[in-house]
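Enquirer: Given only the sequences and the hints, what does the whole structure look like? Please build it.
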Amino acid sequence: MSTAVVYGDINPGIIDGSSVWLVSITEVLSGIFDDVYLQLKTKPVNRRLLSRIESIPNIHVREYAVVDVADESAYRELSPPEAAKVLRDLVREVNPDVVVVRGLAACFESARVAEVSRVLWAYVTDLPYPVTKTSKVNLGRLRTIAQRARRMFAQTESTRSYLEQIIGQAAGKTLLMPPMIPPEAYARRSEAPRLDGATPLEAVYAGKLAKDWCVEEMLDLPAALRARNVDCRLTVLGDKFQREKSDPDFVQRLREKLESLTNDPQSGVRWVGGVPRDEVFRYFEVADVGVGWRTAALNSSTEISTKLLEYSAAGLIPIVNRTADNCGYLGTDYPFFVDADVDIEEIAQNIEDNLDKFESARRAAAQLAQRFSMEAAETRLRREFTRAGVLVPAGRVEVTGGEPEPVKLLVASHDFKFMGELMESLRGDRRFELKVDAWTSLRDHDEARSEELAQWADVIFCEWAGPSVGWFAKHKRKHTRLVTRLHGFELRGPWIREVAGDAVDHIVFVSEFYQAKAVTTLGLDPGRTSVITNVIDWIDFDRPKLAGAEFRLGMIGMVPFGKRPDRALDVLEKLLEHDDRFSLHIKGQNPWNYPYHWKDPYQKQAYLEFYRRIADSEVLSSRVAFDPFSPAVASWFRKIGFILSPSHNETFHLAVAEGMASRAVPMIWEREGAVEIFSDAHVRGGTDQVIEAILAIQRSGSVKDLGERAREYAARWDQMKVYDQWANVLTP
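Positions 63 to 794 (my numbering) are the ones given, in order, by the sequence shown.
Keep in mind that a hint or two might mislead.
For lysine-lysine, the following DSS-like pairs were computed, each having C-alpha atoms within a straight-line distance of at most 27 Å [claimed, not checked]: (1) Lys666 with Lys479; (2) Lys307 with Lys195; (3) Lys307 with Lys270; (4) Lys319 with Lys307; (5) Lys766 with Lys636; (6) Lys302 with Lys319; (7) Lys147 with Lys198.
Source of the hints: derived by calculation from the structure; they are not laboratory data.
Expert: Structure (structure tokens):
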């Protein structure tokens, strides 16, 4: 049996976007989990929204029905700390697999309760923005949530990127939770809007009556269009006036204008006022366009407009601001974008100029809306819960009843950089009880701690085939299974013969090339070896590219110098001779942060010459960017169109695999083992061949197509496809 709990720091009796989401997510989760418990913040006076889900048999609504001492006719609302305690008690009662909480304060308090945080999926919609205006207190709260929650949600791609940039712990664990459009919002009209001149153009606005929403200016749209011989009627829905400190008379002035125009039958404006949500969609059914024009103050909003989606779903043509996010949703050539600083005359002119594009715009908007349906949300969330180990993957049999004891698995390593996705999968697999022995270096560790863990474990896995393998071979119990992974450099280590000894039950390699090399060099029994590639979170890298990505070269890591960053400069210099839009972005630590390599005279000199070459070149100095190390790799790849791998030696170059998953076109220099992993389609040869390949791709305009092919190829390394191989190897 699977169980989910939902809580929102939201009054369920007030109908707005937040309360609609609360009901929608509960309904969606009821299609995924056997039981869903909706804990309410208070006892709602208005049950109009809740009536939608109260008849669903596996949804259980819990109310906080405590009378307000100050007002006995009302009910108290849970404070965030109180909500965390209520959720703790509910977790103890129903033992849920997932607790979805919305709201910064509620998420923070829930994250502080260990029983809740272990199953917490935190949705912070009230994200402090921008970071320059964010208090240290709120940053600390976000950091606590990111550290302790199982997963986090963000509403848009921009929000996720922003969150991962300011809170590194959120990278790799933040998923998208876009708005969900209920089925009744989708178009029920029998035909597309008619714009034959015989009937007026019907425009509608539904939303708050606020200054930044340009409602006051919008009321002049019918007159501006009539001056251009386009008959137009505008219907305004809503009664929530929002006061404006900078304009104290705004509310009164807007109300008077709405009333005056509504009373004038020649104005073309009708203010209906507030209407029930289901009636809003009836007004949409008979409209042609939905107005969503806003001031520049809202252009940087980290949220997607619910009205944009509802207009689109209803078959309307949305008139919205030209922002990076909206261009990503509707395409840069969408004809009904408006700039925030234009006046109503320019908007009217744009409508007149593009009347012949109404149908194509409507189709584009309708296509967008399908991505935000509740059905799409259920599919997406089911996938994410499965990937996190909350739900049993298709094809894997769930053991019930007399469930066997989990395998006591010890993972030992001095460097876990290639273990993130695997460790996450192991933690979510009930077949394993996981403990970690973190060594401080290849040889140094807490021997007493390691001894204790060695005696506890059924299986010991040494990430890196280094001295730890020999140590555990001598200190493990007789029947404990010992497994290690050999990356490549270990073959040159003086300890390698211990790795090849009989005490090691199984050796995993990242490629067939290194497996064959080790079997031949060490005389290994091939039956005690296997190839399991490094793994990536293929879904996490599925993010839209930013404008201009096709001209940006990316490289992750340039230490040691054998990664050959100088070759990347060679490529960039030649490309700039053809097009000055190219640039190189190198992400990672600076070489002086690695004392072992920085103390090497050869490497230090090579790096100094590398930096001097950039500084002395007017061309390179303005086209090379050094991006600091951070966990937000998937977000960084949004701006990268080509991922470079100029190293003279690599085993499994993880940065290339991740870049390919992000739709960056790989440019790999020829080296031992590269073709076996990445195929000859992606291994280009030398520097000259890489330059020729990039220029040819640019000339043919095939960056997007090749990026899609690269992503398809990278699917083979996804953690869900590779994990079962690991589970088999790590089972006694």
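Enquirer: Checked against the structure, which of the hints given earlier come out wrong?
Expert: none
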